[in-house]
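S.K.: Top line first, the protein sequences correspond to chains A and B. Numbering follows my numbering, with no gaps: position 44 of the first sequence is 44. Count along the second sequence starting at 1, add 1000, and that's the number in my numbering.
Think of the hints as simulated: they come from the structure by calculation, not from any bench. Certain hints may be false.
As the list claims (entries may be wrong) - Heads up, simulated EDC-like pairs for lysine to aspartate or glutamate below, C-alpha to C-alpha not over 16 angstroms straight-line:
{"hint": "1", "chain 1": "A", "residue 1": "K45", "chain 2": "A", "residue 2": "D18"}
{"hint": "2", "chain 1": "A", "residue 1": "K75", "chain 2": "A", "residue 2": "E101"}
{"hint": "3", "chain 1": "B", "residue 1": "K1095", "chain 2": "B", "residue 2": "D1127"}
{"hint": "4", "chain 1": "A", "residue 1": "K34", "chain 2": "A", "residue 2": "E95"}
{"hint": "5", "chain 1": "A", "residue 1": "K34", "chain 2": "B", "residue 2": "D1017"}
{"hint": "6", "chain 1": "A", "residue 1": "K84", "chain 2": "A", "residue 2": "E49"}
{"hint": "7", "chain 1": "B", "residue 1": "K1050", "chain 2": "B", "residue 2": "D1127"}
{"hint": "8", "chain 1": "B", "residue 1": "K1028", "chain 2": "A", "residue 2": "E88"}
{"hint": "9", "chain 1": "A", "residue 1": "K82", "chain 2": "A", "residue 2": "E37"}
{"hint": "10", "chain 1": "B", "residue 1": "K1006", "chain 2": "B", "residue 2": "D1105"}
{"hint": "11", "chain 1": "B", "residue 1": "K1028", "chain 2": "A", "residue 2": "D47"}
{"hint": "12", "chain 1": "B", "residue 1": "K1028", "chain 2": "A", "residue 2": "E20"}
{"hint": "13", "chain 1": "B", "residue 1": "K1028", "chain 2": "A", "residue 2": "E49"}
{"hint": "14", "chain 1": "B", "residue 1": "K1044", "chain 2": "B", "residue 2": "E1062"}
{"hint": "15", "chain 1": "A", "residue 1": "K75", "chain 2": "A", "residue 2": "E88"}
{"hint": "16", "chain 1": "A", "residue 1": "K84", "chain 2": "A", "residue 2": "D23"}
{"hint": "17", "chain 1": "B", "residue 1": "K1048", "chain 2": "B", "residue 2": "E1062"}
{"hint": "18", "chain 1": "A", "residue 1": "K75", "chain 2": "B", "residue 2": "D1067"}
Unchecked claim - Only part of the chain A face toward chain B is listed, based on derived beta-carbon distances under 7 angstroms:
{"hint": "19", "residue": "H16"}
{"hint": "20", "residue": "I21"}
{"hint": "21", "residue": "E22"}
{"hint": "22", "residue": "L24"}
{"hint": "23", "residue": "G60"}
{"hint": "24", "residue": "A61"}
{"hint": "25", "residue": "G63"}
{"hint": "26", "residue": "G64"}
{"hint": "27", "residue": "S76"}
{"hint": "28", "residue": "S97"}
{"hint": "29", "residue": "Y99"}
{"hint": "30", "residue": "R102"}
As the list claims (entries may be wrong) - Pair ranges (Cβ atoms, derived):
{"hint": "31", "chain 1": "B", "residue 1": "E1077", "chain 2": "A", "residue 2": "D23", "range": "45 to 55 angstroms"}
{"hint": "32", "chain 1": "B", "residue 1": "G1030", "chain 2": "A", "residue 2": "D108", "range": "53 to 63 angstroms"}
{"hint": "33", "chain 1": "B", "residue 1": "A1005", "chain 2": "A", "residue 2": "T86", "range": "53 to 63 angstroms"}
{"hint": "34", "chain 1": "B", "residue 1": "G1090", "chain 2": "A", "residue 2": "Y107", "range": "42 to 52 angstroms"}
{"hint": "35", "chain 1": "A", "residue 1": "T38", "chain 2": "B", "residue 2": "E1062", "range": "27 to 37 angstroms"}
{"hint": "36", "chain 1": "B", "residue 1": "E1077", "chain 2": "A", "residue 2": "V14", "range": "28 to 38 angstroms"}
{"hint": "37", "chain 1": "A", "residue 1": "E83", "chain 2": "B", "residue 2": "N1075", "range": "37 to 47 angstroms"}
{"hint": "38", "chain 1": "B", "residue 1": "Q1016", "chain 2": "A", "residue 2": "D79", "range": "21 to 31 angstroms"}
{"hint": "39", "chain 1": "B", "residue 1": "N1075", "chain 2": "A", "residue 2": "N31", "range": "28 to 38 angstroms"}
All residues carry an ideal CB built from backbone N, CA and C; glycine is no exception.
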Amino acid sequence: MTQGSNEKQGERTVVHVDAEIEDLIPGFLENRRKDIETVNKALKKGDYEAIRALGHTMKGAGGGYGFDAITDIGKSLEDAAKEKNTEEIRKRVGELSNYLERVEVVYD
Amino acid sequence: MISPAKPLILSIDDDQDMLRLIQRFLAKSGYNVITADSGLKGLKIVSKAKPNLILLDVMMPEIDGYDVCSRLQKNSETAYIPVIFVTALGEEQDKARAFSVGAVDYLVKPIQKDILIHKVHKHLKTDARWKKLQKNAVAWHERILPADFIQFKEFLFDQLTLNHEKNTNSPIRRLPKSIQYLQL
C-alpha cells in the first residue's frame, strides 16, 4: 500500500508508515485491540453479522494506514463470518492478536 | 478552520479510522474537509454546507451509500455535486451500481493516498469546467433578446427571397411580411 511496507525481523514485524499520519497510528492500533474483544463477545452471542461487518471495516482501513496484514486478516474474518466458521474466526483473531504484539512501526 | 478559498470535501463513512485518514490526506493536500459518520448525517450536512465534492462509503447502517447518492441525485440543488464512492467492495457489479446511481468515480479500499488525491483533483477540475460552460451558456442565452429573433427572421426571409428570385427569375409577390412568412 502507499504508506507502508512490511518486513519481518526476527520476532518483530516492522512496518514503515508515512510520518504524515504518525499521530493517528496509536489510535488505529488501539481500535484493532478493541476489535479482538468485540469479535470474542460476538462469537459468544453467535452474532456473525457483527463479525462480518467488523472484518469488512478492518479490510478497508488496514492497508490505507500501511498495515497490509490487517487488511488480509479483516478479509479472512469477513469470509469466515459469512460461512459462520467459528474455528476460522478464532484462528484469525489469534493471528490479529499475535500481529499487534509483534508489530513495530517506523515512521518515514 | 475552514478557509473559503479551498474546495470543500465531505467524507461520509461509518468508520472513524477511515474518516480520520481521508481527512488527514486531503487536508495536507490543501482541501477543507468535513466528515459524517452516517448517510443521514451526510445528507443533512450536504444541504447546509454545499460541498464541492463528496467521498461516499457504500456499506453503512441505516441507509447505504447507494441510497445516499440516489437521494442527492433527486434534489436539483445537490444533483451536480460530484460523488466518488470509496468502498471495500471491488467487484464489477458494485462499480456498475455506483455509476448507475450517479457516482462520477470509484475508489477501492484500502485507499492509496496518491490515487485519492488524483481523483479528487481531477473531478473538481472537471466540475469547475462544467460550471464555467453552464455559466457561459446562460450568458449567451441572456444576450439573445426577442428583438434579435425578429431581426433574424427578417434576415432569413430576405436571403430566401433573393435566392428564390435568382433561381426562378420570378419575383415573390409583395405581400405583407406576415403572410410571406406563412408562404415560406
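S.K.: Each hint needs a verdict: does it hold in this structure or not?
M.R.: Hints, one by one, checked against the model:
Among the hinted pairs, A:K45 with A:D18 is inconsistent with the structure: their alpha-carbon atoms are about 38 angstroms apart, more than 16 angstroms. About 20 angstroms separates the Cα atoms of A:K75 and A:E101, which puts this hinted pair outside 16 angstroms; it is violated. The hinted pair formed by B:K1095 and B:D1127 fails the criterion: a straight-line CA distance of about 21 angstroms is larger than 16 angstroms. Between A:K34 and A:E95, the direct Cα distance comes to roughly 14 angstroms. Compliance with the 16 angstroms bound is thereby established for this hinted pair.
For a cut-off of 16 angstroms, the pair hint linking A:K34 to B:D1017 stands: about 13 angstroms separates their Cα positions. Proximity of A:K84 to A:E49 is assessed by CA-CA distance (about 9 angstroms); at most 16 angstroms being required, the pair is judged to hold. Restraint check for B:K1050 and B:D1127: satisfied, since their Cα atoms lie roughly 14 angstroms apart, inside the 16 angstroms limit. A hinted pair counts as satisfied when its Cα atoms are at most 16 angstroms apart, and B:K1028 with A:E88 does not qualify at roughly 40 angstroms.
Restraint check: the Cα-Cα separation between A:K82 and A:E37 comes to about 19 angstroms, which exceeds 16 angstroms; the hinted pair is violated. Among the hinted pairs, B:K1006 with B:D1105 is inconsistent with the structure: their alpha-carbon atoms are about 21 angstroms apart, more than 16 angstroms. The straight-line distance between the Cα atoms of B:K1028 and A:D47 is roughly 39 angstroms, outside the 16 angstroms bound, and the hint therefore fails. The suggested pairing of B:K1028 with A:E20 holds, with an alpha-carbon distance near 8 angstroms, which does not exceed 16 angstroms.
Using a Cα cut-off of 16 angstroms, the hinted pair B:K1028 and A:E49 is violated, with the two alpha carbons roughly 36 angstroms apart. Between B:K1044 and B:E1062 the CA atoms are separated by roughly 14 angstroms; this keeps the pair inside 16 angstroms, and the hint holds. Taking the CA atoms of A:K75 and A:E88, the gap is about 12 angstroms. The hint holds against a cut of 16 angstroms. The straight-line distance between the Cα atoms of A:K84 and A:D23 is roughly 36 angstroms, outside the 16 angstroms bound, and the hint therefore fails.
Between B:K1048 and B:E1062, the direct Cα distance comes to roughly 21 angstroms. Violation of the 16 angstroms bound is thereby established for this hinted pair. About 25 angstroms separates the Cα atoms of A:K75 and B:D1067, which puts this hinted pair outside 16 angstroms; it is violated. The beta carbon of A:H16 comes no nearer than 14 angstroms to any beta carbon in chain B, farther than 7 angstroms, and the hint placing it at the interface is violated. Annotation: A:I21 was flagged as interfacial toward chain B, and the flag holds, the nearest CB pair being 6 angstroms apart, inside 7 angstroms.
Below 7 angstroms, beta-carbon pairs count as interface contacts, and A:E22 has none with chain B, the closest being about 10 angstroms; its hint is therefore violated. Given hint, A:L24 at the interface with chain B, holds; its Cβ is 6 angstroms from that chain's nearest Cβ, closer than 7 angstroms. The beta carbon of A:G60 comes within 4 angstroms of a beta carbon in chain B, closer than 7 angstroms, and the hint placing it at the interface holds. Annotation: interface hint on A:A61 holds; nearest CB of chain B at approximately 5 angstroms, less than 7 angstroms.
Because the smallest distance between the Cβ of A:G63 and any Cβ of chain B comes to about 3 angstroms, under 7 angstroms, the interface hint for this residue holds. Given hint, A:G64 at the interface with chain B, holds; its Cβ is 4 angstroms from that chain's nearest Cβ, closer than 7 angstroms. Look at A:S76: its Cβ only gets to about 13 angstroms from chain B, farther than 7 angstroms, so that hint breaks. The closest approach between the C-beta of A:S97 and any C-beta of chain B is roughly 18 angstroms, which is over the 7 angstroms cut-off, so the hint fails.
Among the interface hints, the one on A:Y99 is violated; its C-beta lies about 16 angstroms from the nearest C-beta in chain B, farther than the 7 angstroms criterion. At about 20 angstroms, the closest approach between the beta carbon of A:R102 and any beta carbon in chain B exceeds 7 angstroms, and the interface hint on this residue is violated. As the Cβ distance of B:E1077 to A:D23 is approximately 37 angstroms, the hint placing it in 45 to 55 angstroms is violated. Distance hint for B:G1030 and A:D108: a CB-CB separation of about 22 angstroms, inconsistent with the stated range 53 to 63 angstroms.
Under the hint 53 to 63 angstroms, the C-beta atoms of B:A1005 and A:T86, about 55 angstroms apart, fit the expected range. Hint check: B:G1090 to A:Y107, Cβ distance near 29 angstroms, so the stated range 42 to 52 angstroms is violated. Evaluation of the 27 to 37 angstroms hint for A:T38 and B:E1062 yields a failure: the beta carbon distance comes to about 20 angstroms. A hinted range of 28 to 38 angstroms is violated for the C-beta pair B:E1077 and A:V14, which are about 50 angstroms apart.
Taking the beta carbon of each, A:E83 and B:N1075 are about 41 angstroms apart, inside 37 to 47 angstroms as hinted. Remark: the range hint 21 to 31 angstroms for B:Q1016 to A:D79 is upheld by a beta-carbon distance near 24 angstroms. Restraint check, B:N1075 to A:N31: a C-beta distance of roughly 35 angstroms satisfies the suggested window 28 to 38 angstroms.
Consistency note: the structure conflicts with the earlier hints numbered 1, 2, 3, 8, 9, 10, 11, 13, 16, 17, 18, 19, 21, 27, 28, 29, 30, 31, 32, 34, 35, 36.
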